[in-house]
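Enquirer: Here is what each chain is made of, one letter per residue.
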Amino acid sequence: MKRLFLACCLAWPAAAATHYLTISGLGGEKDYEQRFAAQAREVEKLLEGSGGEVNVVTVSGAGATREKIKAAFESIAAAAKPADAFVLMLIGHGSYDGSAYKFNIPGPDLSGAELAALCDRVPAGRQLVVNTTSASGGSLEALQRPKRAVILATKAGTERNATVFARYWVEALRDPAADTDKNEVVSALEAYRYADRKTVEFYETNKRLATEHAVLEDTGAGEAVRAPSTANGQGLLAASFPLLRIGGAQRAAANPAKRELLARKERAEQRIDKLKYEKAAMPLEDYRRQMQAALLELARLQEELDK
Amino acid sequence: MGRRVAIPVGVSALAVAAAVFTAVSGQQAAREGASRPGPVMTAGAKDCWRARHLGKAEQAERCFEKLLDSRDPAERAEGAWGIGDYKSANSQFKQAAAASPKDANVRVRWGRLFLERFNAAEAAGLFQEALDIDGKNAHALLGMALAMAESFSPKALEMGFKAVEEDPDLVEAHELLANLALEDSDTKRAEAQARQALALSPEAFDAVAVKAAIEALADRSPDALLEQVWKVNPHYGQAHAIIAHHLVLNRRYLDGIAHYRKAIERDPRNWAARSELGVNLMRVGEDAEARQQLELCFQNKYDSNPTVNSLRLLDSYANFETFETPKTILRLHKKEAALLRLYFQPELEKAVATFEKKYKMTIGQPVRLEVYPDHEDFAVRTMGMPGLGALGVTFGHVVAMDSPSGRKPGTFHWASTLWHELSHVFVLTATRHRVPRWFTEGFAVHEETEAAPDWGDRMTPEIVAAIAAKQLLPVAELDRGFIRPKYPQQVVVSYFQAGRICDYIQTKWSYDKLLDMMRLFGQRKTTPEVIQQALGMTPEAFDKEFLAWVEREAGTAVSKAVEWRKGMTGLATLKRASDYAAIVEQGNRLIAIYPDFVEPGSAYEAVAEACLELKNKDGARRALEQYASKGGKTPESLKKLAGLQEEAGGKAEAARTLEKINYIYPMNGEAMHRKLGELSLDLGRTQAAVREFEAVVAGGPMDAAAAHYDLARAYVKAGDKGKAAEQVFLALEAAPGYKPAQRLMLELNADKGGRKENE
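Residue numbers (my numbering), protein chains in the order written: chain A, 4 to 310; chain B, 643 to 1401.
Hints listed in this document are in silico derivations from the structure and should not be mistaken for laboratory results.
Quick caveat, the model's predicted, so the values are computed rather than measured.
Glycine residues also receive a C-beta, built at the ideal position from the N, C-alpha and C atoms.
Every clue listed holds true.
So the derived label-pair ranges between C-beta atoms look like this:
1. A:ASN164 / B:PRO1382: 36 to 42 Å
2. B:GLU800 / A:LYS210: 33 to 39 Å
3. B:GLU1289 / A:LYS73: 44 to 50 Å
4. A:ASN164 / B:GLY777: 48 to 54 Å
5. A:LYS282 / B:GLY1243: 51 to 57 Å
6. B:THR1211 / A:LYS73: 49 to 55 Å
7. B:ASP711 / A:LYS210: 53 to 59 Å
8. B:ALA1223 / A:LYS48: 28 to 34 Å
9. B:LYS999 / A:GLY52: 54 to 60 Å
10. B:PRO810 / A:LYS210: 50 to 56 Å
11. A:ASN164 / B:ALA1219: 27 to 33 Å
12. A:GLY52 / B:GLY1243: 34 to 40 Å
Sample of chain A residues facing chain B (criterion: CB under 8 Å; computed from the structure):
13. MET294
14. ALA302
15. ARG303
16. GLU306
A short, non-exhaustive set of chain B residues, derived as facing chain A with CB atoms under 8 Å:
17. PRO1051
18. MET1344
19. ASN1391
In isolation and in its complexed conformation, chain A is listed as follows (with noise of 0.2 Å):
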């Protein structure tokens, strides 16, 4: 299944470019507002910096207005192409009374399904909604749609405390650690992977009631899940959306001389992720001959690549 997950993502079109909206909401206090504006403008950074065709849009704190935000998304929307990918980060507080979410802003607040339909409108084919918020729960039924993948911080509108995922969502973009399969690119379900584990660890370790779950949701209409795998269909999309690239991965892609070694190293690639699959039926001394030789070739080829 990873196999498959890493073909889409090499698969995305070399100029299809990545349309980022970061909105940080009302803090409501001093000490909010500021970590609100700071995480914000953190993650504008991190994707300006990170390379490729990106499009980085953040409306934050007092400039968080609902026209704001609306001429935002329609710059995104006059911008995007089906063949991109749109990403749409929440920090803030949410809150739900039990039939809708909202994200609070200044003046009126913004409700799910306004927000979802401020989506709608954006051509991307491929989108992610990263919703940090309290309560944040409460949105997925207004965002989830085929080919968008919603990540919440919360589990459900009722948990309305204040959130930590949004300090470790950031972390995820600036951490290299998040990119457990070291390809050079953190996925949106390894960044939410490295967030949750992060807050989880935020409660154990302060010895506190942990107050919100995160979770995701990738297929368009199923449940949220805290745990995504093959078991329960969730995170396959969230695994092939490249939330960051923070390597030279494209730039051998676009040289022709070392096509042919590109090939052999995806066989290689290939190779390696069909004897994991075959791990449980083997051998172990088999599998461990046989890995060992696929990760020695694989090395060579990477090698072979780098001169």
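Using the hints provided, position chain B relative to the given structure of chain A.
Expert: Structure of chain B alone, referenced to chain A:
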């Protein structure tokens, strides 16, 4: 601040006491019926309970069954109680109480039923109702005393005395007072109360048992005394249970177990004694037999909390892993075993080796250390009832303690606790468990700071207040502060005082004097005798000298306590105002007054924060270095210090600081372990680097590939290329495209000429 207890004293001891005296099926009631006639129960019921007390089981059974046909609901309740139908007894008492709203005695009896069936709170409520009706009801006062003993209140004594004041002929009250006195190691008072009980009734078997316990504690045979009981009731196993209880309180677990065995030999249906046998077998590591005994209790509907919780804990042992070496057995929960073993195993071995040398002795069997991530499990392990605030406990050669994961980071120094408990293992072994509580605790506290000066607990504001209020106890009475504290913080203060006494003895005389004292205690000498013989002075003279010394040592923390307290309030105001320069000035002044205050919110941390705001990194580092050297334990502050030290070029200092965190909270520390691993590699400490990167792997890291790769690098530096190859394989298995690991695999493969081999 948490403290350690070496033995189930204080709270736990009283819990045990309560179990013995209140949860023994029918025994108290039997005494009550047998000892003296009174208004508290009906005449018919008295006969039944008396028959049972005298061991006439069949007669008692028939008698109770007869009561079931009585027209009086209170009598029917006694009948149901007697045959073990507690539910029916409860409903009959309820009916009786409703029918007689002004009858205090019905409520007393109903309360006693609750007390027997493990519900002291409900029992206390009923005794109070009885007292509201009749404030002088001696039986209600006695019931209250028993319930209070169960809830660990020192007021149990007071209520017991009130009961005998109202009714000097109340045998059971004298028996209770005798027991409480013996718990306080006051044998004279215990003897006197037991004598009074026996003067009132020759059938006061528990009074005989207390006298027998005094003999057993003094290593004399209790048999002649017990013979008096057997002549009347050869099945009164409860007498052995009472002896066992006092032996256990005095940490003589094996002797206690022997008496619990005798108790159930004489009376196989004494479930309370059988349950205590099970709990104590667990304490000494005999889990299989413990389970057998506890299951038998449970199957016979004796489902007290210690019984049920102990069985649950035994079940949970399937989730633990055990690691054995010739001198140690380490039991860790599976979820954290891989990580904690890296730190606990070497520390345990080191402590055993150090104490063998210091105490000039060996234990003769492996020391077993059990580490519980769930504090409630630890509490069950230590006393059979959850809720104790201790951090570690020693039962002979078995030590149980909290895992660092069971406590909030910064509140618990696990290594300090481990050394503390290990000291108990040696002192208890050396003295054959015949040592006063104050000495073994004091010695253990002393050993903590001997292991490392920044370990051990500091002088808290509560201790400062106790010194200022002259609340420290005379050395000859110091045990009282542990067993039946008179104010909430007295246990903590007593630990401190006992530790400082040992510090003082080492300072003024020598460490060998402490060993001499330990040997003398082992010869059954009393504290006054030991002080006189080892130190050549009276306890009174010692107290005078010690108190003067401890006050001098405490210095301005005591003499300027008021100024310090006001200053801390001022510091908080300055922090709110972000007046950084003033914070530095005020903070340093407060540190000078009370340098031992390193708890959260300390002046050290405030000064460091302010210095950082003022871009004075050196000032911040110095403040935090002082904080660490004084025993500051907040991991975040120590991490900050390590960062500042590294920034200032002090890699070795930074590594030392991070090592301190490992002794406090090694969990959830992926970044910290990785940093310490890198520093250790830079400093050429390859074994430490291997350990730290192993810790990263053991923690189930987010970035598994990087963790295995780092460990591979450390193994390469340590010269173990085989293990390095294994780790680099794991790194690439997790992330096949991980370039640094690919390069290392190629290097390692080239080293063994593997390229050709693999092609």
